[in-house]
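Novice: Sequence:
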Amino acid sequence: MYLTKIPDIIKPFAGDLVWDIKTNEREVFLTFDDGPIPEVTPRVLDILDDFDARATFFCVGENIVRHPEIFAEVKRRGHVVGNHTFSHEKGWETSQMAYLRSFLKCQELTKSVWFRPPYGRIRRQQAQAIKCTSRIVMWDILSADFDPACTPDQCVHNVMRSAKPGSIIVFHDSLKSEKTMLAALPVVLSNLRNLGYRFSALRDDGDASDQG
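Per this note's numbering, the very first residue in the sequence shown carries number 12; after that it's consecutive.
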């Protein structure tokens, strides 16, 4: 069970988390979780180049270690990287010490101010510790590209029906999401561009205020 659109009413009750960016510009913030991997991430980078789009990649530390050249290429092409833990831990099943150890191990690689918890779930004590040094960013729109039951058309619909200025949109550069995401992403970018949107990365200084 998951929501593709986070209701505005719940955001103030979720603590100091970043759900969207306050902006008056026609601008959305693409994010990609779980990479980098050679089968998917380079193809995402090429699609983004086709649309002059910038994005934020929330990287898993193990994948950075396995594929440092792809991680470097993400940054070389002008994108921002974020911390997604070293081994994609489930926060609700992981001890405080083990979770923070994974966060710090990935942080040594990403050196990013942005952190996104795997599965979008994190215990309060974990969040409190991480917020001492990082901004925890969630999302406004979940494309659901990871769901085997979600078709590319449905993935496009999930994004297009809810996109607004400042939306943070989640895709995944993973094998699980590969087929759906790679089919849906260029359609989403084309549709949003036709509506006058541009595509930005989160600011690497951690500022979530108006980026327009």
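No lab work stands behind these hints: they were computed from the structure. A portion of the hints provided could be inaccurate.
What the hints assert, rightly or not - Each computed DSS-like pair below joins lysine-lysine, with the alpha-carbon atoms no more than 30 angstroms apart: (1) K86 to K175; (2) K175 to K187; (3) K187 to K16; (4) K142 to K190; (5) K101 to K116; (6) K101 to K16; (7) K142 to K122; (8) K86 to K187; (9) K101 to K190.
To be verified - Here are the in silico distance ranges between beta carbons for each label pair: (10) N205 to K122: 35 to 41 angstroms; (11) P18 to Q139: 22 to 28 angstroms; (12) D164 to Q139: 39 to 45 angstroms.
Computed from a predicted structure; not experimentally measured. A virtual CB, placed ideally from N, CA and C, is assigned to each residue, including glycine.
Novice: A separate judgement is required for each hint: does it hold in the structure or not?
Specialist: Now for the hints, and whether the structure bears them out:
The suggested pairing of K86 with K175 holds, with an alpha-carbon distance near 26 angstroms, which does not exceed 30 angstroms. About 27 angstroms separates the Cα atoms of K175 and K187, which keeps this hinted pair within 30 angstroms; it holds. Our distance criterion of 30 angstroms between C-alpha atoms is met by K187 and K16, whose separation comes to about 21 angstroms. The straight-line distance between the Cα atoms of K142 and K190 is roughly 34 angstroms, outside the 30 angstroms bound, and the hint therefore fails.
For the hint pairing K101 with K116, the CA-to-CA distance comes to about 16 angstroms; that is within 30 angstroms, so the pair holds. Under the criterion of a C-alpha separation no larger than 30 angstroms, the hint pairing K101 with K16 is consistent with the structure, at around 22 angstroms. Proximity of K142 to K122 is assessed by CA-CA distance (about 15 angstroms); at most 30 angstroms being required, the pair is judged to hold. At roughly 23 angstroms between alpha-carbon atoms, K86 and K187 fall within 30 angstroms of each other, so this suggested pair holds.
For the suggested pair K101 and K190, the alpha carbons sit about 25 angstroms apart, so the restraint of at most 30 angstroms is met. Checked against the given bound of 35 to 41 angstroms, the beta carbons of N205 and K122, roughly 36 angstroms apart, stay inside it. Checking the proposed 22 to 28 angstroms range against P18 and Q139 shows it holds: the Cβ atoms sit about 24 angstroms from each other. Judged by the Cβ atoms, the range 39 to 45 angstroms given for D164 and Q139 holds: they are separated by roughly 41 angstroms.
Checked against the numbered hints above, the structure breaks only hint 4 and satisfies the rest.
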